[in-house]
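Trainee: Below, each chain spelled out in residue letters.
2 protein chains.
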Amino acid sequence: MTPQHHLPADIERTSFHIITEELEMMGLTPPPEHEAVVKRVIHTTADFDYARNLRFTPCAVEQAVKALHAGAVIVTDTNMALAGITKPGLAKLGGTACCYMADPEVAAAAKEAGTTRAVAAMKKAAQEHPGAILAVGNAPTALLTIAEQIESGLRPALVIGVPVGFVNVVESKERLFAVCEKHGVPAIVAMGRKGGSNVAAAICNALIYSAAEMLDPSARGWK
Amino acid sequence: MTPQHHLPADIERTSFHIITEELEMMGLTPPPEHEAVVKRVIHTTADFDYARNLRFTPCAVEQAVKALHAGAVIVTDTNMALAGITKPGLAKLGGTACCYMADPEVAAAAKEAGTTRAVAAMKKAAQEHPGAILAVGNAPTALLTIAEQIESGLRPALVIGVPVGFVNVVESKERLFAVCEKHGVPAIVAMGRKGGSNVAAAICNALIYSAAEMLDPSARGWK
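Chains W and L, in that order, are what the protein sequence lines are.
For the first sequence, the positions run 1 to 223 when full-length UniProt numbering is used.
For the second sequence, the positions run 1 to 223 when full-length UniProt numbering is used.
Please keep in mind that the hints were generated in silico from the structure rather than gathered at the bench.
Remember, it's a predicted structure, so these values are computed and weren't measured experimentally.
Watch out, some of these pointers could steer you wrong.
Copies of one chain are not kept apart here, so a pair can be met inside one copy or by any two copies together.
30 Å max Cα-Cα, derived DSS-like pairs, lysine-lysine [what the hints assert, rightly or not]:
| hint | residue 1 | residue 2 |
| --- | --- | --- |
| 1 | Lys87 | Lys124 |
| 2 | Lys182 | Lys111 |
| 3 | Lys92 | Lys182 |
| 4 | Lys87 | Lys182 |
| 5 | Lys111 | Lys66 |
| 6 | Lys182 | Lys124 |
| 7 | Lys92 | Lys111 |
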């Protein structure tokens, strides 16, 4: 049988239906407040492990949606995550997204401090946008920098901690989550090795769609 | 124990060492010609399923490296995949990368033909760069368009077929692989549901690093 061309919106609806059914069969249906995020990450990766890996501080989604309604800036740790965030959706909420990895000032600061660009970029993010949504899909060092900054008083609207990898990644996510819990900072973290820029963007998009849907129930939903 | 800040190059070396060891323990060590691609995809996703999912037409990597040495253009189906491709690495080989998804001509052509932008973007790619490396990490419709074009005579240097998803994705990848095999077009395809823009970019980068290493053995390797 030749596969048919379908419309993207129909494909998305059918995909979420399949994800919902398979999660149910596996006994992994997420609680309603996490549903949009968990399902969109699975939609992005086709990896049901995320139903087990994703951890949320209490009311993290609610607080992130509130921040998006207030026009929060999203700062990502890679241009790839930035490219994956829905710009029309974010613009409707009056929000913006940015990434400092290619910033010449950041490169200079990293060189001077003998650190990584990821660390210098997150320090700049903390300075420029102290109440931002920080989305980290790549660099565990960025996550550790955020943890340090939170201990020194930074209060981001949300930290999305989903770097992927084999060295320092598991530990950096555990550390970040513990620090966020301790200081009451909302966090969504993919525990374990898995994650990525695509996962970071998917979580941002789930939150953006949820925020838009709340303002206009006829807007594109995630179900 | 507090996780330490490490240098990115050290982290990458250690990560590939861990991946090599775990693949060996699982009895999934890839053949030497596929090693760079398989390991970099696992490095990008922390998902060892790709050791089983990735399929290559005979000599696909060798032919892709040859095309990169000849300055082949890489065309991606998303700006996210484009953002993930190493630009300095590609520039050293004299190559470039592009994506037509945000092209106003493509949007107009899609509207006129009542099709998706992904389809119109791949048609434009086939016209503008008939000998390109086509990297599809998102849209199964883009993959089906490439299959049709190959049946009509298009001969891309390589097709990377790694869209992710639940509807039409598995079938579109099987169809593309069969068409590539039949017509002797090099292809690297992630069979099954998994894939993504990050996987498409990772495969491009593995090929770029391999091509660079062949010209200059002191260049950044993948091991």
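Trainee: Please list, smallest to largest, the hint numbers that this structure does not respect.
Mentor: 2, 3, 4, 5
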